[in-house]
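Chemist: If you read the protein sequences in the order shown, they are chains S and F. Following the numbering used here, the numbering of the first sequence begins with 8 at its first residue and continues without gaps. Following the numbering used here, the numbering of the second sequence begins with 52 at its first residue and continues without gaps.
Hints are computed from structural coordinates only; laboratory data are not their basis. All of these numbers come straight from a predicted model, not from anything done at the bench. Check each hint, because a few of them may be wrong.
Below, computed lysine-lysine pairings styled on DSS-like, alpha-carbon distance capped at 27 Å [said to hold, decoys possible]: (1) K135/F x K297/F; (2) K225/S x K29/S; (3) K147/S x K118/S; (4) K101/S x K115/S; (5) K115/S x K297/F; (6) K101/S x K118/S; (7) K244/S x K225/S; (8) K178/S x K127/S; (9) K135/F x K101/S; (10) K235/S x K225/S; (11) K118/S x K134/S; (12) K134/S x K135/F; (13) K101/S x K147/S; (14) K216/S x K244/S; (15) K147/S x K297/F; (16) K115/S x K135/F; (17) K297/F x K29/S; (18) K288/S x K235/S.
Here are the simulated distance ranges between beta carbons [unchecked claim]: (19) G116/S x Q74/F: 24 to 34 Å; (20) V89/F x M63/S: 47 to 57 Å; (21) S309/S x M65/F: 51 to 61 Å; (22) I174/F x S20/S: 16 to 26 Å; (23) E93/S x Q185/F: 46 to 56 Å; (24) T227/S x F150/F: 43 to 53 Å; (25) G213/F x Q138/S: 26 to 36 Å; (26) M52/F x S143/S: 33 to 43 Å.
We put the CB at the ideal spot given by N, CA and C, even for glycine.
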Amino acid sequence: MSTILSIQNLRKSYAGGFEALKGVNLDIEEGEIIALLGPNGAGKTTLISTVCGITMPTSGTVTVAGFDILSNYREARRLIGLVPQEIALEPFEKVINTVRFSRGLFGKGRKDSAVEDILKRLSLWDKRDNQIRELSGGMKRRVLIAKALAHEPRVLFLDEPTAGVDVELRKDMWEIVEQLRADGVTTILTTHYIEEAEAIADRIGVISKGEILLVEDKDTLMARMGKKQLDVQLTAKIDAVPDALSSYDLTLGDDGWTLVYSYDVNAERTGITMLLNDVQKAGLQLRDVVTRQSSLEDIFVSLVNQPEAAQ
Amino acid sequence: MNWTAIRAIYVFEMTRFFRTIAQSLISPVLSTSLYFVVFGAAIGSRIDQVEGVSYGAFIVPGLIMLTVMTQGISNASFGIYFPKFIGTIYELLSAPVNFLEIVMGYVGAAATKAMFIGIIILITSFFFVDIQIQNPAAMIAFLVLTCISFALFGFIIGIWAGNFEQLQLVPLLIITPLVFLGGSFYSITMLPPVWQTISMFNPVVYLISGFRWAFFGIQDVPIATSLLAIGLFTALCLGAIWWIFKTGWRIRQ
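If we strip away everything but chain F, and leave its shape as in the complex, we get (with noise of 0.2 Å):
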């Protein structure tokens, strides 16, 4: 393992992360913060409680979940992209790094952004709601998962897009259809029994669900299935990432 050059490129993108920290923040409090507004206040006061949890604190898992998920993704998309825009991915072919390095070093800084600005989130969500964490240990571990797992597929994406377009659009037509019918505001018991059966074919349910559950204790799935759905969508984003660098699928000639 060339740990020097994992450290070099995860230093590398952390520095363009804190650079624009501002643009990086303000984002997703100020959406977040909306969603609590609209959500939380003007619709959730006239929703009942879900599963014995206020509307207000149902929704802060999936709120974070939703912002952890696309934040690991275009972090992950872009930190790829950009050098293969700008020409500078000859620097990467060309050093002595294997492909678990070179993922390594740009997902771990793509999932530590993803995972910094989650918990931003979850500070800000104490403004406007009374939340209590049952399991904290396992809300780490739910956070950590998802912010690897999805800064893998951005990886992913950013390898595969050919322009920016391509690579805005994985994210806004497949991931937020996805997290926004996952159950990030509503729980799938609610749903008609069609749509309830529908929905275990989204693996965003599953995390969602299993985050929840560290939060309350409920859930729409076992946790057990939680934690599996994420280890298989991990497994799977590494084994296309091995593949695209062993044929060097859009990198390599």
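Next up, chain S with everything else stripped away, as it sits in the complex (with noise of 0.2 Å):
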């Protein structure tokens, strides 16, 4: 695999003095699926942005494909397709005129196949003759994908591309982003809904304050950063901890009718073995054993908050 989009030491300013983009530096392999995570104002908006031209980097460097994005700006702008947060379009115009513009615009010929097949993929045809303004919310965010993909990139930014989406339509976006993995589309999106980046995602960006907190391949983030929990629910009630497990790190929960056992998946022993035994001993019943691991939200947000813990 090839890096196709370098980012090295990018920073942003805006006119107010206020520093969108501390350093930030991403290389990115041709052919992956990258989610950057991160809060509202973290950044991500403006990366984007600031990669595809529409604001301009105050310092640092970003090549597509070996292609500067200032210096050789059209060979650069070529190869993305952006699909931006907010639903932007001429609401009085059809949908595959405003494609065919997309695709002019980007500098590729009038081919009428190419566009009947982005419409189609994205379930667009029959509704090819209609004006913008017909279509639900929905139907637009697929217009904006087929205009981002009409002059055929290679590198696809979606910012939010399921803000405010419902669930139906969301789970027909990361069908879309797997269709284009299988074409070879390098895909960078942006969210802060964890379960999206846990759907799709080969890695993980996460991002805050306008630094880049770390990348990581998501399984590997998951496992490094991942905590386990076995709830031991009882027959009865207790009160506290018994004194014959206070060697382990237990905690109380359900009002009493839970032990709740925190450990490492990474760890050689977990010594659940050894607590189920000793709560036998201690003459505890046991209704059910319940294990759970920590969601890429809860990594996620002790990221937020301790951004040392990514090092």
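Two chains, two separate frames, one set of hints: put the complex together.
Modeler: Next comes the structure, spelled out in structure tokens:
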């Protein structure tokens, strides 16, 4: 795999002095799906806007397939498709015309078969002659994606593609991203839905206050940062953790009906067998045993609150 | 040059024009007809010929200029303001195009629309007055140059404007007075000497004078001066747009 997008020490300060990006470094491999996760105002959109040419970088370099976004902007921008966060479409224009326009604007000659293919893939073919204002919100988002894909880019930016979108459409979006991956399109999406990153990304970057806190394979991140919990549900309520079990890291949950045991998945010994033996010895009756893994959401919250955890 | 992109913008803008062709044409044709009725028939009947031309015919070039200038400005300013307003400008800014290509697309389309309407006005005037065009080539040249230069000016206004009120402000406060005081309905020589001198600072005077010369061979200022004025105005607008895109003023942070 080769690096398709390389961001080096990218800084962006706005006129008011606000520093939205504080030296971002990020290399993105061709064909991967990377999710940039961060709270509102973290700099996700500024990062995308700067790479795409909508805002000017204050310093640093960005190259797309080796083309600098400033000195070789034509070559660089031809390779990029952008789906913005806000729905911005000409309301009175027909779907097919606006997609043709995008293709032409990015320098590709008119090719009806290519436009047809894109519209069909996004289930927009039946709506091609409709005015955009007649479409539902979900359909409008599809039009935005169709426009971004109209010039057959190699890198696609999706800025919060599923913000305010219903569950069904969100699943559709994920499928579209999967399809694009099969075509070899590199996708960079920003989201503050952890579920989304967890569902579709290969790698996850966490961005907060204009800095990338970490970038890691999703599975590695989940394994490294993930904690597991064992809930031991009891048949009778207890008031306190019995003395016989005081050597374990236990808390009482569910008003005394559950013993909660936290352990590290990566540790050599998790201590579960001994714990369960000792629970029995202490004279407690088990009703059920449940394990839970901390979600990306928990990891994310702990990262944003304690950036040193990323090190 | 990304000709494909220029063409895409041009076609997209012209589609908008043809979608609303009825509105685009009815209003200028109606107002021009009213001018002919009021100035040409009612008032004009009491005015002698102006420099050998009947008053009704005399005002035709000025009326066309009036329409073409306001149309050029409003089409181009709206054309670029609307994407800013609804947010679709993101696509333009992220596209592999430079400022000249964006301007050629938008201004080209706006100028074409203005020219189209100007020609319709000319055709309308044939129904009201008897006119002959002495120098059709010069007439077309002046028409094209005026359409382009005022569309360029409108493009600047569209980028500058922060809301719809501002979009209307410049045409209303600056252009309409300049055009009315620019000799659309009279010859500058009809004014007292002081006002003649003041009029020389009005750029529109040069355009209307040149355009009228193409029709009737009469002029308030030498034709070369007219050409120079319109050339200068076009260059100024182009320079301003080049600066806007270089600095990102009001469009790119």
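Chemist: Indicate, hint by hint, whether the structure satisfies it.
Modeler: Tested hints:
At most 27 Å may separate the alpha-carbon atoms for a hinted pair to count; K135/F and K297/F meet this at roughly 18 Å. At roughly 24 Å between alpha-carbon atoms, K225/S and K29/S fall within 27 Å of each other, so this suggested pair holds. With a C-alpha separation of about 22 Å, the suggested pairing of K147/S with K118/S holds against the 27 Å cut-off. Of the supplied pair hints, the one linking K101/S and K115/S holds, its CA atoms being roughly 19 Å apart against a limit of 27 Å.
Note on K115/S and K297/F: the hinted pairing holds, with a Cα-Cα distance of about 25 Å set against a maximum of 27 Å. For the given pair, K101/S sits about 17 Å from K118/S by alpha-carbon distance, which is consistent with the 27 Å threshold. Simply put, K244/S and K225/S have alpha-carbon atoms about 39 Å apart, too far for the 27 Å limit, and the pair is violated. A distance of roughly 17 Å separates the Cα atoms of K178/S and K127/S; the hinted pair therefore holds under the 27 Å criterion.
At roughly 19 Å between alpha-carbon atoms, K135/F and K101/S fall within 27 Å of each other, so this suggested pair holds. Proposed proximity of K235/S and K225/S is supported: the alpha carbons are some 17 Å apart, at most 27 Å. Taking the CA atoms of K118/S and K134/S, the gap is about 19 Å. The hint holds against a cut of 27 Å. With a CA separation close to 26 Å, the supplied pair K134/S and K135/F stays within the 27 Å bound.
Of the supplied pair hints, the one linking K101/S and K147/S holds, its CA atoms being roughly 12 Å apart against a limit of 27 Å. The straight-line distance between the Cα atoms of K216/S and K244/S is roughly 46 Å, outside the 27 Å bound, and the hint therefore fails. For the given pair, K147/S sits about 33 Å from K297/F by alpha-carbon distance, which is inconsistent with the 27 Å threshold. Under the criterion of a C-alpha separation no larger than 27 Å, the hint pairing K115/S with K135/F is consistent with the structure, at around 24 Å.
For the hint linking K297/F to K29/S, the alpha-carbon distance of about 25 Å falls within 27 Å, and the restraint holds. For the suggested pair K288/S and K235/S, the alpha carbons sit about 24 Å apart, so the restraint of at most 27 Å is met. For G116/S and Q74/F, the hinted distance range of 24 to 34 Å is satisfied, since their beta carbons lie about 33 Å from each other. Taking 47 to 57 Å as the suggested C-beta distance range, the pair V89/F and M63/S conforms, at roughly 52 Å.
Taking 51 to 61 Å as the suggested C-beta distance range, the pair S309/S and M65/F conforms, at roughly 56 Å. In this structure the supplied range 16 to 26 Å is violated for I174/F paired with S20/S, their Cβ-Cβ distance being about 56 Å. Evaluation of the 46 to 56 Å hint for E93/S and Q185/F yields a pass: the beta carbon distance comes to about 55 Å. Range check, T227/S to F150/F: about 45 Å between beta-carbon atoms, so the 43 to 53 Å window is met.
Taken as a hint, the range 26 to 36 Å holds for the pair G213/F and Q138/S, whose Cβ atoms sit roughly 28 Å apart. The hint said 33 to 43 Å for the Cβ distance between M52/F and S143/S, and at roughly 39 Å that hint holds.
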